[in-house]
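Novice: Residues per chain, in single letters:
There are 2 protein chains.
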Amino acid sequence: MVTTNGFVCPLPLRRYPQIVMGHGSGGQMMQELIAHLFVPAFGEHALTDAAVLTLNGSLAENGRLAFTTDSFVVNPLFFPGGDIGSLAVHGTVNDLAVMGARPVALSAGFILEEGLSMDTLGQVVVSMAAAARAAGVEIVTGDTKVVERGHGDGLYINTTGLGLVPSGIEPNPRRLRPGDVLLVNGTLGDHGLAIMSVRAGLQFETDIVSDSAPLVSLIETMLDVCPEIHALRDLTRGGLAAAANEFAQAAQVGLVIEELAVPVQPAVMAACEMLGLDPLQVANEGKLLAAVPPEAVADVLAAMQAHPAGRQAAIIGRVTSNHPCTVAGITAIGSRRVIDVPAGALLPRIC
Amino acid sequence: MVTTNGFVCPLPLRRYPQIVMGHGSGGQMMQELIAHLFVPAFGEHALTDAAVLTLNGSLAENGRLAFTTDSFVVNPLFFPGGDIGSLAVHGTVNDLAVMGARPVALSAGFILEEGLSMDTLGQVVVSMAAAARAAGVEIVTGDTKVVERGHGDGLYINTTGLGLVPSGIEPNPRRLRPGDVLLVNGTLGDHGLAIMSVRAGLQFETDIVSDSAPLVSLIETMLDVCPEIHALRDLTRGGLAAAANEFAQAAQVGLVIEELAVPVQPAVMAACEMLGLDPLQVANEGKLLAAVPPEAVADVLAAMQAHPAGRQAAIIGRVTSNHPCTVAGITAIGSRRVIDVPAGALLPRIC
Chain P
2 MVTTNGFVCP LPLRRYPQIV MGHGSGGQMM QELIAHLFVP AFGEHALTDA
52 AVLTLNGSLA ENGRLAFTTD SFVVNPLFFP GGDIGSLAVH GTVNDLAVMG
102 ARPVALSAGF ILEEGLSMDT LGQVVVSMAA AARAAGVEIV TGDTKVVERG
152 HGDGLYINTT GLGLVPSGIE PNPRRLRPGD VLLVNGTLGD HGLAIMSVRA
202 GLQFETDIVS DSAPLVSLIE TMLDVCPEIH ALRDLTRGGL AAAANEFAQA
252 AQVGLVIEEL AVPVQPAVMA ACEMLGLDPL QVANEGKLLA AVPPEAVADV
302 LAAMQAHPAG RQAAIIGRVT SNHPCTVAGI TAIGSRRVID VPAGALLPRI
352 C
Chain A
2 MVTTNGFVCP LPLRRYPQIV MGHGSGGQMM QELIAHLFVP AFGEHALTDA
52 AVLTLNGSLA ENGRLAFTTD SFVVNPLFFP GGDIGSLAVH GTVNDLAVMG
102 ARPVALSAGF ILEEGLSMDT LGQVVVSMAA AARAAGVEIV TGDTKVVERG
152 HGDGLYINTT GLGLVPSGIE PNPRRLRPGD VLLVNGTLGD HGLAIMSVRA
202 GLQFETDIVS DSAPLVSLIE TMLDVCPEIH ALRDLTRGGL AAAANEFAQA
252 AQVGLVIEEL AVPVQPAVMA ACEMLGLDPL QVANEGKLLA AVPPEAVADV
302 LAAMQAHPAG RQAAIIGRVT SNHPCTVAGI TAIGSRRVID VPAGALLPRI
352 C
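Heads up: the sequence lines are chains P and A, in that order.
If you read the first sequence in the working numbering, its first letter stands for residue 2, the second for the next number, and so on.
If you read the second sequence in the working numbering, its first letter stands for residue 2, the second for the next number, and so on.
No lab work stands behind these hints: they were computed from the structure.
Glycine included, each C-beta is placed from N, C-alpha and C at the ideal position.
Take every hint as true, because none was put in to throw you off.
Now the in silico label distances, taken between C-beta atoms and shown as ranges:
1) Ile316(A) - Gly116(P): 40 to 46 Å
2) Arg150(A) - Ala135(P): 32 to 38 Å
3) Ser336(A) - Val40(P): 34 to 40 Å
4) Ala36(A) - Glu45(P): 40 to 46 Å
5) Leu203(A) - Glu149(P): 16 to 22 Å
6) Asp225(A) - Glu45(P): 27 to 33 Å
7) Glu45(P) - Pro228(A): 22 to 28 Å
8) Val199(P) - Leu203(A): 43 to 49 Å
9) Pro41(A) - Ala299(P): 43 to 49 Å
10) Arg200(P) - Pro228(A): 51 to 57 Å
11) Arg150(A) - Pro228(P): 43 to 49 Å
12) Ala135(P) - Ile316(A): 47 to 53 Å
Derived contacts from chain P toward chain A, CB cut-off under 10 Å, selection only:
13) Gly23
14) Leu54
15) Val99
16) Ala106
17) Phe111
18) Asn173
19) Gly240
Excised from the complex, chain P in its bound form:
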């Protein structure tokens, strides 16, 4: 009855230790779920279908809102370093943060499969609430649907995020310029390999733990040092390879990445070699790529390394006017290769 993160199923919900269709019908059972599960975790907001947000004066001067959505179907629901609940918060606040926005509010839409254990749902909801608090954002509105057994996979979560973009902040891949320096905030591939290790029942010498984390505070720090940062992108599906290609195409420039400079944990590198994966294509959930004007690089790198979410930050490459729209990797032996967008399904249901 007590889950690992301290969720204790409230008495009124114990009548149904598993989700049944009635929990999604809009009637009394759904109200019970909201009153005894969502409201204690997310606050009174969770009671209502919709929220009215009154924004403060800074919006009045500015009026720029960031708006982003993500559905989370990660399998398994719990993995080393996180779970679908915290991931659903981190994924969406990070999408807002890389636009330079301060997250203001999240919505949470649950699709539950009949038969899901109430304790599992409770544990995920408590984890979401904790992740939202840590990222400084409120979950202000929600929705619950239930589908029959065999038509879901435990639970899927959609989070949609709303943020405010301060004046003068406009990171956008189209603003990349030749000479810009490329940075990441730490080791790549941890999330993807953590998921793979559980899913495939693999044992590595060192435990690989997901990097799932909010980037909000790190990015605020970076923008404080250099409001002029040209572009930011979180390195989720498709990893660094996908984000770098997006940058190259958006600004019609070339990117050069020094592969030896890209931080990758030895255990992740070994696992990638074993599984035939390229760590540059593997998903992360707490990593970003930044394109910074050269004169600001030293300050931005120092600020990143002084922040808990950026201790292993590194310069990994630069922007060039050569080979527009193409990402070149300089390999360990000094040769060049094209780093392409991953083609198909490398690691399905990674987020």
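Guided by the hints, dock chain A onto chain P, whose structure is given.
Specialist: Chain A in isolation, oriented as in the chain P frame:
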């Protein structure tokens, strides 16, 4: 290759007549889906993970945003009068509209099941785009995930909506006062019975068609006539019974509903009797309940009846200080009954 609503699968997508896992991997296949399906339907916005919205001056004076989310898992995907795509737009714009908000932007999150026909997806996306245009709202950001065969049901859609609440507009069930008059904008139960008829393979004498429709323009008209409307609610899951009970509880008042005054189509009434359903508990997707101060009722009713979405609008009851928190129905034979919130799963996956 040409679907009923004119969707023609673009050549580059025909390599895969069905969704495969790679369409959700963040790589080239997902980019193709976005470029050849979502962008033609929703516009260039659909290319980006997140949107920056610049709001106009009226927000600056006011700063109230409405924010609401809904996931749609309706089964079947296509039904008389609509499909999951148009429903996903109507459901969310209606949630905004009943808060008095003007819809500004929607997000669209797709969870696709491996094996879903590309033509089906295309048809749904075209229908969503048309519904959004008709409701005067843009779909500005999206997300696509793919789950393995047997872990979904074709497709699920989350839409999250953002709206602006004009100054002086504040419909809220807490504002109900004894003496307020209750109105609906037309016949109840059509959506639920349309879904049931397809699902159960039932044939009724008259075809029952879903009422799925946007309420945005109707509500704007009503608020133009009477900005003081105390409360508005769309009558989705749980139907009129759920909304009326929500009103009664929010304001600690009683509601009296004259059951003979509630418009219900004869075919719907007959089908409800056959299936043992109460039409007051059945879901609608284009109907609302309004609580209007008595002095404004005549004007509001006339405005509703002059609007295409309110031709069959009717006064169905009133608010009383008697029996707080309870909804009383006056039956056809003049007796009273308690109209309760539906308990469990009447009609699963109705939206």
